[in-house]
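Q: Go ahead and model the full structure; you've got the sequences and the hints to work with.
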Amino acid sequence: MVTNALGIILQELGKSNLIPINDLVPDRNNSCLIGLPGGLKIQIEMDKSELNLIVGCDLGEVPVGRYRTDIFREALRANSAPYPVYGIFAFSTKTKHLVLHDHLRLSEYNGEKLAEHLKPFIEKAKIWMDAIKAGELPTNTPSQAPSLGSLFGFK
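With the working numbering applied, the sequence shown corresponds to residues 1198 to 1352, in that order.
Calculated from the structure, these hints are not laboratory results.
Cβ atoms here follow ideal geometry from the backbone N, Cα and C, with glycine treated the same way.
Heads up, a few of these hints could be off.
As the list claims (entries may be wrong) - Taking lysine-lysine pairs in the DSS-like style, the calculated list, with each CA pair at most 30 angstroms apart, reads:
| hint | residue 1 | residue 2 |
| --- | --- | --- |
| 1 | K1330 | K1316 |
| 2 | K1245 | K1316 |
| 3 | K1245 | K1323 |
| 4 | K1245 | K1293 |
| 5 | K1212 | K1323 |
| 6 | K1212 | K1291 |
| 7 | K1291 | K1245 |
| 8 | K1238 | K1316 |
| 9 | K1291 | K1316 |
| 10 | K1238 | K1212 |
Said to hold, decoys possible - Ranges between beta-carbon positions, derived for each pair:
| hint | residue 1 | residue 2 | range |
| --- | --- | --- | --- |
| 11 | S1304 | L1273 | 26 to 32 angstroms |
| 12 | G1332 | N1219 | 33 to 39 angstroms |
| 13 | H1298 | G1235 | 15 to 21 angstroms |
A: Have a look at this one:
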């Protein structure tokens, strides 16, 4: 029987069409790593305050050189895209991997709403992971759709 908030959200998420896995439960570290087709792995856990869900995905190692510079530039563009942004890119200097993560207010989510949020998050992660594996730059992702322009027309 699940008794904590993360366990309840994971049970509800497991009943969704996005991730139909009946036995999603937190591990002993109060975290859950979900393996998806294509090698993508999504980790869901609570922050220390237990007020927010942290969703993360390791997108792979980005080699040193011009390609890393180009990937960082694209990641910064994606991070500054207009709302909604499904995931923020970060770089781990320890592992040399690009990471996509989100902090979600627990009080605003249940399993179904989390599944709705995860769909474009997973799509974005998959596009970027595949691009990194191929040594290419990613194509447009859900949070990179062209905007109608800025308030004063500046770019």
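Q: If a hint holds in the structure, say so; if it doesn't, say that too.
A: Each hint, compared with the structure:
no.	hint	result
1	K1330 <-> K1316	holds, 21 angstroms
2	K1245 <-> K1316	holds, 25 angstroms
3	K1245 <-> K1323	holds, 28 angstroms
4	K1245 <-> K1293	holds, 25 angstroms
5	K1212 <-> K1323	holds, 22 angstroms
6	K1212 <-> K1291	violated, 36 angstroms
7	K1291 <-> K1245	holds, 22 angstroms
8	K1238 <-> K1316	holds, 13 angstroms
9	K1291 <-> K1316	holds, 28 angstroms
10	K1238 <-> K1212	holds, 18 angstroms
11	S1304 <-> L1273: 26 to 32 angstroms	holds, 30 angstroms
12	G1332 <-> N1219: 33 to 39 angstroms	holds, 38 angstroms
13	H1298 <-> G1235: 15 to 21 angstroms	holds, 19 angstroms
Of the numbered hints stated above, the single one contradicted by the structure is hint 6.
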